[in-house]
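Residue numbers (my numbering), protein chains in the order written: chain A, 7 to 247; chain B, 4 to 320.
A portion of the hints provided could be inaccurate.
Selected chain B positions facing chain A (Cβ under 8 Å, derived; list incomplete) [said to hold, decoys possible]:
#1 Asp53
#2 His73
#3 Arg76
#4 Tyr89
#5 Glu103
#6 Leu104
#7 Gly106
Far from chain A, by Cβ distances over 12 Å, these chain B residues were calculated [unchecked claim]:
#8 Asp167
#9 Val169
#10 Lys249
It should be emphasised that the hints constitute simulated quantities derived from the structure, not laboratory data. Glycine included, every Cβ here is placed at the ideal spot set by N, Cα and C.
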Amino acid sequence: MRAISIIYRRELGAFLRSPFAWVIAAILLLFGGILFQAHAMAGEQLSAMVLERYFWLMSGVVMFAGVLLSFRLIAEERQTHSMVLLTTSPVRDTEIVIGKFLAALTFLAIFLALSFYMPLLIKVNGKVTFGQVLVGYLGLFLLGAAVLAIGVFASALAKNQLIAAVVAAAIVAVMVVLFPLAKRLDPPVRDVLKEVDMWWIHFQTGFMRGVFNLKDFIYYIAVIYFFLLLSVKTLEAKRWQ
Amino acid sequence: MIRASNLSKFYGSKRALASVSFEIADGETVGFLGLNGAGKTTALRILACDLRPSSGTIEVGGVDAVAQPHEVRKRIGFLPEHPPIYLDMTVLDYLAFAGELRGMSRGQVKRRIPDVLEITDLGEVSTDQIGTLSHGFRQRVGVAQAIIHQPKFLILDEPTRGLDPVQIVEMRNLIHDLKQNHTVMISSHILTEISQTCDRLLVLGKGKLLGSGSEHELAASEREIRQISVTVRPPAGDDPKARIKKVLEGVEGVKGVADPYEQGGGLSFALTTTKDCRAEVSRAVVDAKLDLLKLDYSRSELESTFIRLVEGPDASN
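Use the sequences and the hints to build the structure in full.
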């Protein structure tokens, strides 16, 4: 735990000092705001629908943010050779991965907090419950965390940052198109792919509408665990290469 | 004590180390010498528990480095070829981070940092961001992180790489100071650089251990000394060069005398010999009533010994 905390503090400090992270956050918030204004607020409609649309738009922004905040985490350290400090210290690969992941997750949480004014505008001017807003944000947080975990894995796998970003984006894209793909296939492959889909099934049918399904929650936790475990195993394997 | 037995490492199908065995006693300063690709960095990374060997065993201070890497990492400080620094951190923050990573408490780090800054002469830049420092200072920061936790064993992979001549001298002095408190392992592909700092050399070539010993032991084990450099004050009279040359050519064991060049007020001759005949040369010069200013192995001889070791017996001929 102590090593996780040490790595977490350094990594979060690096995020907070990094112009790159803040520029990404600012651009995505601006983008989210413009989409919110142009699409979610367009025309007269029920507040719940506006909120639903907002979460739909933000889920795309969050997936972008997840990839952009995570692809550098390990690949950059490998490229700049600072990774050796971690790998030659009495620190487990699990602690390295978790420390970095939690730091990125904290920055993502800051990013989400900065976007909170948009649903508040809906709440002030319409009729939505805080429960709906909170469940939606929990969904965004879990979706973002899952994308971060995928990004950490890609970063552990790739030799350089560019490849890490491409690999992370490719995995996320595949996880997102599984449901449309599944619709064209026959059972049982269709059912399996449907259940693994990250966006259409586990975000849009529950969290986006303000409905909390334990199944969706467990799904995201499982995806996060799976990709973090893969990241740890990748780091361990690289010591043998 | 470090004991490596039959250490091998493969990168895929490529062999980087081939059954290398060696021992390093406590307090020794040992140089890993070899050309680029000889396996030096691989050997040091395995010792630092950054890489796992494909086969073989390593014991560091009685602890098995493969079975208990964490225990070994606590005892080792490692400066890799490229210092593992974070450009966005200040020197102080970075050293605190490195210390805590190695298991030190915040209080211990706080008490230790002034000593480390003094040893590495980083006091004046301690609050500067590492990204703003020169290459020489960054290398010193790399050394500082390696010694922050007072490790018993210190591994420095090409510590003078990329430094200018002044920085090389400073780094050499720093390593000399570190030798007092640590068992030091240094790698280099430059014989002259490493031989001045180390008690013993391990010569690696193509992943194999080719020789072990001091610089002169290695030269002697390889073959008899073949070149001697002798500097004599030019005597008064006609053609002093010819007179000295004649004296030197008359010494038993001297096969050839090259044309001299002027050095420090004397004439310096390179002698090709069939054996170590420094004693005979000195007696002959003195008997001829000439002033002997300097007599030594030829530096090029030591370099060629190294080349013969790493490339095979025909390489330097």
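Do the hints match the structure? See the list:
no., hint, result
1, Asp53, "5 Å, holds"
2, His73, "4 Å, holds"
3, Arg76, "4 Å, holds"
4, Tyr89, "5 Å, holds"
5, Glu103, "5 Å, holds"
6, Leu104, "4 Å, holds"
7, Gly106, "6 Å, holds"
8, Asp167, "21 Å, holds"
9, Val169, "24 Å, holds"
10, Lys249, "59 Å, holds"
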